[in-house]
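Participant: What follows is the residue order along each chain.
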Amino acid sequence: EDQVTQSPEALRLQEGESSSLNCSYTVSGLRGLFWYRQDPGKGPEFLFTLYSAGEEKEKERLKATLTKKESFLHITAPKPEDSATYLCAVQAVGGSYIPTFGRGTSLIVHP
Amino acid sequence: KAGVTQTPRYLIKTRGQQVTLSCSPISGHRSVSWYQQTPGQGLQFLFEYFSETQRNKGNFPGRFSGRQFSNSRSEMNVSTLELGDSALYLCASSLLGGYQETQYFGPGTRLLVL
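Chains A and B supply the protein sequences, listed in that same order. In my numbering, each residue carries its 1-based index in the first sequence increased by 3. In my numbering, each residue carries its 1-based index in the second sequence increased by 137.
Looking at chain A on its own, in the form it has when it is part of the complex (with noise of 0.2 Å):
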């Protein structure tokens, strides 16, 4: 069965503190993990995906990094509008298309 793990559940930055927020994942094989931004009683807003090992995005001050077991969201130098759940999915080879989510990390960030 497909594993999304995210970690932490919570983390609470200052200001300008970088830091990153981990996904693992177990599955036979990756067809895309997929990061997305939740704000609270809003929908997810897609902000990246990777394919491949190796293979890296940006946006802001957000990059995300993929291996064979895991993905990176990196913030750097975080502002208080970064605040919110983060969620990860992702897409399994031979299984159903439908990706599955992880329980997401919530970020808070104080001025």
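Keep in mind that the hints are not guaranteed to be accurate.
[Unchecked claim] Okay, derived cross-link-like pairs now, DSSO-like style, lysine-lysine, Cα gap no bigger than 30 Å in a straight line: (1) Lys45(A) x Lys194(B); (2) Lys72(A) x Lys82(A); (3) Lys45(A) x Lys66(A); (4) Lys60(A) x Lys82(A); (5) Lys71(A) x Lys194(B); (6) Lys150(B) x Lys194(B); (7) Lys45(A) x Lys60(A); (8) Lys66(A) x Lys82(A); (9) Lys72(A) x Lys62(A); (10) Lys72(A) x Lys194(B); (11) Lys150(B) x Lys45(A); (12) Lys60(A) x Lys71(A).
Calculated directly from the structure, the hints in this document are not laboratory data. As the structure is a prediction and not an experimental result, all values here were calculated from the model.
Starting from the known structure of chain A, arrange chain B on it as the hints suggest.
Facilitator: Chain B alone, transformed into the frame defined by chain A:
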């Protein structure tokens, strides 16, 4: 391009009632998926529709059903509501549904069952 829209945004029902939620996908998108999100279980897949046919189904009881219309708009229905059905119901659309396609989510419908 307009995003995924969901109506209503908030709903309060009592146990035993039924509810219908609506989702309009991004223009041109033909695959619509529904998810239930709760603090305890996270995002759980309900079902996916494509060309008016249910193509994938999650592990939910038969009280949860859905349909899709010829214009790709979708509805989901929950009959005989239970307290545990209180959740954020999310709709996501993608072009055709498939590997490496990105799903785009709507704002969700917050359902409270009393």
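Participant: Give a verdict on every hint.
Facilitator: Do the hints match the structure? See the list:
For a cut-off of 30 Å, the pair hint linking Lys45(A) to Lys194(B) stands: about 24 Å separates their Cα positions. Distance restraint check for Lys72(A) and Lys82(A): the Cα-Cα separation of roughly 29 Å lies within the 30 Å cut-off, and the hinted pair is therefore satisfied. Among the hinted pairs, Lys45(A) with Lys66(A) is consistent with the structure: their alpha-carbon atoms are about 23 Å apart, no more than 30 Å. In summary, the hint linking Lys60(A) to Lys82(A) is supported, as the alpha carbons are separated by about 19 Å, within the 30 Å threshold.
Restraint check for Lys71(A) and Lys194(B): satisfied, since their Cα atoms lie roughly 28 Å apart, inside the 30 Å limit. For the hint pairing Lys150(B) with Lys194(B), the CA-to-CA distance comes to about 25 Å; that is within 30 Å, so the pair holds. Distance hint between Lys45(A) and Lys60(A) is fulfilled; the C-alpha atoms sit about 24 Å from each other, no more than 30 Å. Distance hint between Lys66(A) and Lys82(A) is fulfilled; the C-alpha atoms sit about 15 Å from each other, no more than 30 Å.
Among the hinted pairs, Lys72(A) with Lys62(A) is consistent with the structure: their alpha-carbon atoms are about 22 Å apart, no more than 30 Å. Taken as a hint, the Lys72(A) and Lys194(B) pair is honoured in the structure, with Cα atoms around 27 Å apart against an allowance of 30 Å. For the suggested pair Lys150(B) and Lys45(A), the alpha carbons sit about 20 Å apart, so the restraint of at most 30 Å is met. Among the hinted pairs, Lys60(A) with Lys71(A) is consistent with the structure: their alpha-carbon atoms are about 16 Å apart, no more than 30 Å.
Comparing the model with each earlier hint shows no violations; every hint is respected.
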